[in-house]
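**Q** Following the hints, position chain U against chain B.
Quick mapping for you: the protein sequence lines, in order, are chains B and U. So for the first sequence, this note's numbering puts the first residue at 1; every next one is plus one. So for the second sequence, this note's numbering puts the first residue at 596; every next one is plus one.
Worth flagging that the hints you see were computed from the coordinates, not collected in a lab. Nothing here was measured: the structure is a model prediction, and the numbers come from that model. Take these hints with a grain of salt, some might be off.
[To be verified] Restraint-style ranges between C-beta atoms, simulated for each label pair:
1) G34/B - G666/U: 19 to 29 Å
2) G705/U - R28/B: 52 to 62 Å
3) G18/B - P640/U: 31 to 41 Å
4) W337/B - C668/U: 52 to 62 Å
5) E374/B - A600/U: 18 to 28 Å
6) R85/B - Q700/U: 23 to 33 Å
7) K243/B - C668/U: 24 to 34 Å
Here a beta-carbon is modelled for each residue, glycine too, at the ideal position from N, C-alpha and C.
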Amino acid sequence: MFRSHVLVCGGTGCTSSGSARIITAFERELASAGLEKEIKVIKTGCFGLCALGPIVVVYPEGAFYSQVKPEDVPEIVEEHLLKGRIVKRLLYSETVQEDTVKSLGETQFYKKQMRVALKNCGVIDPENINEYIAYDGYMALGKALTEMTPEQVVQCILDSGLRGRGGGGFPTGRKWAFAAAQPKGIKYVCCNADEGDPGAFMDRSVLEGDPHVVLEAMAIAGYAIGAQQGYIYVRAEYPIAVKRLQVAIGQARELGLLGQNILGTGFNFDIDIRLGAGAFVCGEETALMTSIEGRRGEPRPRPPFPAVKGLFGKPTILNNVETYANVPQIILKGPEWFSSIGTEKSKGTKVFALGGKIHNTGLVEVPMGTTLREIVEEIGGGIPNGKKFKAAQTGGPSGGCIPAQYLDIPVDYDNLIEIGSMMGSGGLIVMDEDTCMVDIAKFFLEFTVDESCGKCTPCRIGTKRLYELLDKITKGKATMEDLDKLETLCYHIKENALCGLGQTAPNPVLSTLKYFRDEYIAHIVEKRCPAGVCKSLLTIQILPDKCKGCTLCARNCPTGAITGKVKEAHVIDPEKCVKCGVCIEKCRFGAIVKK
Amino acid sequence: MKSLAELQALREQMKGRVGIRHDDDSSIRVVVGMATCGIAAGARPVLAAFTEEVAKRGLSNVAVGQTGCIGICQYEPVVEVFEPGKEKVTYVKVTPGMVPAIVSQHLVNGTPVTEYTIGASGAQG
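Chain B on its own, in the form it takes in the complex (with noise of 0.2 Å):
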């Protein structure tokens, strides 16, 4: 038995900070102090708080520790866990009280946030299946095998009015009880793990830091429809992620809980993973089935739906990880508890993803109706070196712009669509003022250019030459017909494209016109960039008055594009100059500027 917890974090966010080396340093120090038999040194799933990796937890205190260092472990073990003296030079700022530590709960990071999805992100270790039983796991699955039918269950998710988490928003009841009301024989329950937004990664940390929730869920929703296979599709880029959920399910077909006659029922349930090669476009659902059967990854016209017609031509439902996340829940608290959460059309809680522009950058799960404000500004921290709010940029490359006069919407699926935007799968960027909108649209397209798979000719070329028409003005040399031109074919793109992919493609485009027009037109009119982002519309000049002539910049210009004799002021050639703004952090009398 172990008197205190020692719980580090072991995301993604954590591990790349060095999280590995201080679970060896505490297990060195503890050996040596002769603490490993009192304490236990845990690895869990993301704590959320991803800017202050790596993330240390002491229970039973609860000391929440940041940004730790292998060089603090020995002063963490000598005064905390052998003195009892909690180490305050190393606690998250906030949490800092007087004799004791304010809970983690009370900070303005966790005070708005609702864990359903992540509850058991950094709290079990995911590598421990017994943990995940602790904290009622697998107990809804019990329950559904034993006091409900199958028809119960898809009534149950049916009432709790859950939807879709990867993007669309589609009733998951709905999806099961098609899939349900299907004839008899195989069918198959697969989980879509193929997270591609770029700056998103919510999938990805549910599954590392909770693999076994995915695995119940599943289960659960085989048991729903009569199926008796599971695949989970997850990116072969998602190291830590796979190495878990292997390790679950093989835990859980040791304990029975996968496997055959599973708890004595007579229900046969298995799960197998499938790994993708990180095409974006197999995140739309009939390409992954497509990838998981073995051929390449294209999308196909529906219908014929999944439900109907699926993986290998059977009834099939796919579901994203964030929803699956949510079900066993749902089962153990009933879909009363769950509807009451969140706004009228949008029922529970959403997992965000929050990077960009803002203090702290990190997962966090609000209840659906929670304003963009309140994410950004109270949870986020606000905006770093005091710079505006520009807008946020929600649902990847399908996704769009929410300029700061809507920072008050509700956030659910039907404002975000309302106002050109869309939920996605939880991606939320933060842009400040010194973010240029066309440079962001060209952003998101060249990523779909990239990803786009070519099938179908709107996509394939349409995207293609949406991109050739951004760059150009980018570069200053487009004219208002072009404007025209461009959003023309966004609207050809979104009509008729085959895929989700193409047919969204569009709209990060779409929005920055809506709300940012006039940065467009300053490109093209006045070929200028309002944000001073676009490298072709830039000048960088010296002020006269301000030069000192000290040759810092001179020197330091890979180009040699800067001239001038020493204590005079110098000039910069406008020919060699890259722009790579280089000699203006080198300046020290704040003497260059961009233009």
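**A** Chain U alone, transformed into the frame defined by chain B:
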């Protein structure tokens, strides 16, 4: 695992092992003095005994922790028990042998074991 009952039994057993991971103000805190003086007087086995005894009885509302020097070194090992809404109770010269009695009488039944407290030893708390 052959039945839901087996799963439930496993859950109950595992619950005790993760019980300390809660931020809960309603729990009873047992704090053992673990400064140099406490460790020299034998506080480590006392701390271990508390952890084990609490776990054995599955007391999920009790948190066992340690603290620095309380200031009465001659009475070490010193153990303080904080119950919400009640005055703290200080046990002195605690040995592992005294722990089961403190856990069963005080932590479970709510009656401090007065003969082990600082009042009974004749000092002024």
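**Q** So, for every hint listed, does it hold in this structure?
**A** Each hint, compared with the structure:
As the Cβ distance of G34/B to G666/U is approximately 26 Å, the hint placing it in 19 to 29 Å holds. Evaluation of the 52 to 62 Å hint for G705/U and R28/B yields a failure: the beta carbon distance comes to about 42 Å. Taking 31 to 41 Å as the suggested C-beta distance range, the pair G18/B and P640/U conforms, at roughly 36 Å. In this structure, W337/B and C668/U meet the distance hint of 52 to 62 Å, their C-beta atoms being roughly 53 Å apart.
The given range of 18 to 28 Å is broken by E374/B and A600/U, whose C-beta atoms sit roughly 44 Å from each other. Here the CB-CB span from R85/B to Q700/U is close to 30 Å, well matched to the stated 23 to 33 Å. As the Cβ distance of K243/B to C668/U is approximately 50 Å, the hint placing it in 24 to 34 Å is violated.
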